[in-house]
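In order, the protein sequence lines correspond to chains A and B. Letter by letter, the first sequence follows residues 51 to 972 in the numbering used here. Letter by letter, the second sequence follows residues 49 to 435 in the numbering used here.
One or more of the hints may lead you astray.
To be verified - Short, incomplete list of chain A residues facing chain B, as computed with Cβ under 10 Å: (1) 527; (2) 528; (3) 944; (4) 960.
Stated by the list, open to error - Mimicking DSSO-like on lysine-lysine, the simulated pairs with C-alpha atoms at most 27 Å apart in a straight line are: (5) A:491 - A:531; (6) A:748 - A:667; (7) A:604 - A:237; (8) B:270 - A:667; (9) B:163 - A:667; (10) B:276 - A:604; (11) A:728 - B:249; (12) A:318 - A:633; (13) B:169 - B:212; (14) A:604 - B:249; (15) A:667 - B:212; (16) A:667 - B:334; (17) B:435 - A:604; (18) A:86 - A:119; (19) B:270 - A:544; (20) B:306 - A:667; (21) B:435 - B:249; (22) B:306 - B:110; (23) A:506 - A:579; (24) B:280 - B:373; (25) B:280 - A:506; (26) B:270 - A:728; (27) A:531 - A:604; (28) B:270 - A:604.
I should point out that these hints are in silico values taken from the structure, not numbers from a laboratory. Given the structure is predicted, the values throughout are model-derived calculations rather than measurements. C-beta: ideal position from N, C-alpha, C; glycine also.
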Amino acid sequence: MRTFYLIFSFVCINIATVFAQQTKLFNVNFQRANIKQVVTELERQSNFLFYYDETQLDSIRITLSASEKNLSFILDETLNKIGFYYAIVGNRVFITKGNLIDPLLARNGVDSLNQSGVPLAILPANFLKEEVVDIKPIQSTSENKVYNIGIQTNNVTRENATVTGYLRDIKTAEPIVGASIYVPLSKTGITTNQFGYFTITLPKGPQLLEIKGMGMRDTKRQLMVYGDGKLDIDMQEQITTLREVKISAEKVANVRNLEMGVTKLDIKSIKQVPTVFGETDVLKVVLTLPGVQSVGESSANFNVRGGAADQNLILLNDATIYNPTHFFGFFSAFDPDLIKDVELYKSSIPERYGGRLASVLDVTNREGSRKKLTGSVGLGLLTSRFYLEGPIDTNSTSFIVGARTSYADWLLKSLQNKSYQNSSASFYDVNLDLSHKINDKNFLYLTSYISNDGFKLNGDTTYNYGNSNLILKWRHIFTNKLYGVLSGGYDYYKYSIAGNTTPANAYLFNFNIRQLNLRSDFNYYLNNKNTINIGLSSILYRLNPGSNNPVGAKSVVAPINIATERALESALYVGDKMDITEKLSVNLGIRLSMFNYLGPQTVNNYSPGFPTVPDHKTGSITYGSGQFIKTYSAPEIRTSLRYIITDNFSVKASYNTTRQYIHLLSNTTSISPTDVWKLSDNNIKPQYGDQLSLGLYKNFSSNTIETSVEVYYKRIKNYLDYRSGAQLVLNPAIENDVLPVRGKAYGLEFFVKKTTGKLNGWVSYTYSRILLQQNDVNAGELINGGNFYAANYDKPHSVNFIGNYRITHRYSASLNAVYSTGRPITVPISRFNYGGSDRVYYSDRNVYRIPDYFRLDFSATFEANHKLNQRFHNSWTFGVYNLTGRHNPYSTYFISESGRVNGYKLSIFASMIPFASYNIRF
Amino acid sequence: MNYLTILTQSVKKARTKIALVAFCSFAFACKENFIPPIVDERSGTLVVEGFINTGNDSTIIKLSKTTNLTTNVTTPAEKGATVRVENDAGQTFPLTEIRNGIYVVAKLNADISKKYRLSIKTSNGRQYFSDFVEAKSSAPVDLTFDFNNDMLNVYANSIDVEGKSNFYLLTYKDTYEYHAFHVDVPIKVLNHKLTVRDLQKDPSYICWRSSTSTNVNLSSTKSLNQDKIQRKVISIPSTSERLAVEYSILVKQTILTKEGYNFWTALSKNTEEVGGIFDNQPSLLKGNIHSVTDPAEVVVGFISAGTTSEKRINILHSQLPGSFKPFKLSSNECKIDTVKEGEMESYILNPPVPLHYPLVGGLIAQHAPCADCTTAGGTNVKPSFWK
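Given the sequences, and given the hints that come with them, work out the whole structure.
Structural data, given as C-alpha cells:
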C-alpha cells in the first residue's frame, strides 16, 4: 500500500513539472535509437539542452513515432516508461535514473526512494521486434534493486520473455539445486535443476520473483523485463548454523509442485536427527518419512510403499550404488559431510529414472566451493571423517574430497570371547568430485566414489564388499531454452568370501556386477506452458553370478564358475510438463524401456506353461557373443496432475508404471551382503509394477505448516519368492528355485510439517499393507495355500515424529520418536520329535508378528560460537539413542537346544545408548 | 543346498552374532525368552521317522504325533498301526510294534536295486504311503580324531569312488564310562528307605552313560570334485566328564537322495538356524509321505532306503594330551556332611534339597553321585561292546 502512495506522488510530481513547460512541438521517428541520437534530434528541433549521465543511458534503445507532440509527451513515452525521470528547468532538461531532480522543492520521502515506481502504460501494439542479443548475465544480489532484463526499450509489449540463469550461493558459488522461483503476478513457478540452472517465462514488464532455496535465506528479485535475458541470482546461506528442519525446498512447493510423493531432505535436517553412536545417517532419516519402512533396526535397507528393498534405485551423483550400507547395515555408505541433499521419489517417478520398481533415492553431493578452501574434521565413537573443498583455479575449477574410516575393531577386541578377539571389522569410503567451468555454456563434472567393508570372523573366514563408481558429465547450454547433459559412467559392486577352516576346504568366492552407463538428457523450455524433457540412456551389464575356487594345493574344493551374464538395458524417454491453465498442470511422460539379454550364454528351455523345474526342461541352447537371447520391451507411463484449488490448497494425482530387469536373490528377512543379483533372462521375467496415487496438500499459517494426505494403490508382478530349500548362490539354473509371485500394496499417508520457528519438525502417520500371492498351481508349490500373505516388511501402522527445538542460536535439542507395528514372522505352532531332537512345525508364512516397535531418541547440539570470521568453528553433539531403553525385538527365533525347542527374541539396542561427537569446521 | 551355501550362511549367522555381540557390549539385556501368542496350534499331525534298511540291519520306524508347543509332555506315540515295507517288485515286509509307536522288522536282506516305500494304516483306519524311494548303499565310514583348541574332535571320513553317494547323513551314539567317588558303598535308597545293596548284582562305582546325536549332520559333495567327506561329528571340551575314563562313539552313515537331503536340510534349518534376521525364512517341510484318504493332509517325515555303514572308536583317558583335565568327582564335590539322625529321613524323602547319601550307620551323608554312580543318570550294566 505504501508503495502505491509513493508511486502516486511521483505521478503528481511529473505532472507538476510538465505543467510548467512551454509548448514547443516535435516531430520524431526513432527506431531503436540510442540516447545520443535521440538527444541530438531533440536538441536540433529546439533550444533545449539535455543533461544526463551517458553510462546510465547507453544501453537503452528508443522507438517512437510522434508528430506535433510536446517534449513532455515524448519523454513520458520514452524515458519515463523505462524508469528514468526528467526535470525541465528553463531550457535545460535533466535526465536521471532512480532519483528525480526536483527543480522546485526537496520533498520528504523522495530521497529514500530508490525503487522504480514509475507506472507503466502498456502500449497497444509493438511496432518493433527486439533482437535477441547475447548479453552477459546480470549478477543480482540485491533485493531492492530493480534489474533490467533484455535490451531496455520504452515500448514494453504484452509478449513474454524468457529469463535464464543460475542460483548460486554467494559465499561458495555452489549452485543451489531444487530452489523455487515463484512469480506472484502470473502465479507460475519453477525449480532450479541439478546445476542450479533455471529457465522461466515472464510477461514483459515489472516482475517480482520470490526465491526459496533449502538452507538459504528466502529472497526476492525485482525485475523489469524488456526481453529475453540472463539473470544470475546469488543467495545467502541461512546464517544461523542451528539445524532447522527443512525437508522441502519451498514453502509452497508441496502445494504447487507437479510431482507427488517426492520428499527432499537437506543435510541440515538429516544431521539433527539423533542416530546410534551419533553417526549422521542419510538412510536412517529416510526411514522416518511416511511410506518408508525397514525390516529391522540394524538394517539400512528400506522398503518404499510395499516395494522390496531391491526395488529402490539408489543413486549417488547419478551413479548406481548396489550396497548403500556399511558394517552390515548399521551405517549408511554416504558421507554426511559431502551430501547436499537427498531426494526420495516414491509416487511419481520422473521419466528420466527407470530400472527399479518402487522408488528412486537420489543422493547429491555438494560441488566444491569455488571461492575458498574449507573443510572439517569429525570424530565419532566408531568413525572419523574429514573433508576438504576449494577452488583449484579461480572461478572455474573446484574440488571436494571426503573420506571416512571406522575403527570398530576395538569393540570386538574388547569382548571377552576369544573368537571375537580374532575377528575384525572395518570400513572406509572416499569421495572425490571435481567440477570445471569451460565457459558460460560448457561445464564438466567428474564424480567418483569408492567404499569398502572388510570383516574377518574368528580368523578363518574373510569377507569383503565394496562399491566403486566413476561418472563424467558434460553439460552444454545450447540456447536460453535448451540445455543438455551427456554423461558416461562406470559402476562396480563386488563381494568376496574367503574361507580356510581346514586346508581341504579353503575357498574363495567372488561375486560382482559391472555396469557401463551412457546417458543423454535434454531439457527444452518450449514456452511458459510446456517444458520438455527428452533423453536416451543405456546400461551395459556384466554380472558375474558367482565363482568359487579352491585356495592352496591341499584344497579339494571344486572350482565352480557360473557363466557371466550380459545384458543391455536401454530407454528412450520424453516428458512434457504442461501448465494447461493457471491452476491445472499435468506431466505426461513416457519411457520406452528395452532389455536385451545377451550372449555368450547357455540357457535352458522349459515347456511353455509349466514350472521352470528340471522335470519340464526341454533342452538348452548356447548363444554366441553379443547375440540377443531374449528381449523385453515395454512403455512405462509416468503421469501426474495437479490442480490448485486455492493458493495454499491443491490436489494431485499420479499414475506410474515401472519395470525392473535385475533381481536380488534373497531368501532372508533382511538383505544380506552375501545375496546375489540376477538379470532377467528367458526364464525370469522382468518385474512389473504400477501405482495410482492421489493426494491433498494444504498449507497453514502463511505456509509455515504443511500438511498432506496421500493414498496409493499398487500392483506388483513377477516379484521373486523362493521354493523351499532354494539354493540361491552358485546355482546355474536359478529358475528352478524361484517362484514368481504377485503383490498388491495400498496405504494412506498423513504428514504434517512445521518448517520454521523455534519448534520445528514433522509428524507422519502411515497405514500401509503389502500382500503377496503365489496361487499358480502350475508354477509349483503354493504359499499359504495360494492366499495373499503379508510380506516381511508389512507394518500396517507407523508413526514418526522428528522435532527440533532451538533454545538459543547456539543450543538446540532434537527429539525423535518412532512407532510401528511389529513385522510379520512365521512361528512354530507345534512340536514333534525327529532326528533325536524336538523339532517345530511352522505356521503358514508370516501370519504372526513380533511385538510392536517403539523408540525415543534425544540429542543436543552446542555450538561454540558464531563469529563469522573465526578460523575454526567447533561443535559438540550429545545424545541418547533409545531413551526409554525399550527392548525392541530385532528378531525372534526358535532353536532346538539339547533336544528342546526354545524361543528367543533378540533386542539389539536393549538399553539407552549415549553418544557424543565432536566437529571442527575450518 | 551345497557346501558353499552353508558356508555363506554361516557368515550370515556370524554377522548377526558379531553385530549382536558388538552392540550387546553396550546393551545389557539382549536375548530374552519369547513365546509367541499362538492361536491355532496344530497338534495331532502324524510324524513318521525311520529308514528302510535293505541290508543286514533292522528297519525301525517310529510313528508319533505333533503336540502343543508350550506343553512339556513328550510327543505322543501313534500306537496300534499296521506298518509294512513294500518294493516296486511287489514284495511286502510287515513290521511289528515292539514298543509304543516303534515298529520293527529285522534284516530285510532285500534287493538294493529295487525301489521301496512304506505303508502305514493307523488305528483309526487312515491309510498313508511314502513315495517309492531309490535304495542307496553306503560306502564304509572311517573315524579319526584330533585334539584342537582344547577339544577332542571326531571326524567321519568316507569316499565313494563311484561318485554316487553325494548326500550324507551322519548320526552317532556315544557312551562313556564314569565313576562314583567312593568305591563300593553297600547301601542305597530304595522307595525312600535305606536298604542294603548287593554290590555283585548292583554295582555302585562304575557306570556308563549314552547319548545320541540331536543335531542334523549333513554333507553334500556336489560342489567337490571328489565324492569324499571329512566331516566333524562331535567336539568334546577337554574338561568334559565324558573323557574322564573312556569314551566311545559309534557313527552311522546314511546316504540320502537329493529329495531326502532337501528334507533334512529344511528340518535342520527350520529348527537349528532360523529366525535370525539374516537367516533364511522357515521353509515348507516337504516330506514324502501322503495320506490316501485326504491328499491335503499334512504328514511330517521323509522315508529313505538303502544300507548304512557304521564305525566305532574308543578313546582312553591315557590317549588324551596332558593339558586335558576331564571332570571327575573329587573331595570338592563329595564333602562329607554330618546329618543329625532325626533329619536324615527328610533329606532322603524331600528332594529338591540335595539328596544326601548316608554312608555309615546313618550319620554321614554324601552328595548322591559320590556314592552311587547310577544316580547321575547312567547305568551300571556294562554295554555289550565295552571291552
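Okay, the hints, checked on the actual structure:
no. : hint          : verdict
1   : 527           : violated, 49 Å
2   : 528           : violated, 51 Å
3   : 944           : holds, 6 Å
4   : 960           : holds, 4 Å
5   : A:491 - A:531 : holds, 12 Å
6   : A:748 - A:667 : violated, 58 Å
7   : A:604 - A:237 : violated, 77 Å
8   : B:270 - A:667 : holds, 21 Å
9   : B:163 - A:667 : holds, 25 Å
10  : B:276 - A:604 : holds, 14 Å
11  : A:728 - B:249 : violated, 70 Å
12  : A:318 - A:633 : violated, 33 Å
13  : B:169 - B:212 : violated, 34 Å
14  : A:604 - B:249 : violated, 55 Å
15  : A:667 - B:212 : holds, 23 Å
16  : A:667 - B:334 : holds, 22 Å
17  : B:435 - A:604 : violated, 38 Å
18  : A:86 - A:119  : holds, 20 Å
19  : B:270 - A:544 : holds, 25 Å
20  : B:306 - A:667 : holds, 18 Å
21  : B:435 - B:249 : holds, 19 Å
22  : B:306 - B:110 : holds, 22 Å
23  : A:506 - A:579 : violated, 59 Å
24  : B:280 - B:373 : holds, 22 Å
25  : B:280 - A:506 : holds, 22 Å
26  : B:270 - A:728 : holds, 22 Å
27  : A:531 - A:604 : violated, 68 Å
28  : B:270 - A:604 : holds, 18 Å
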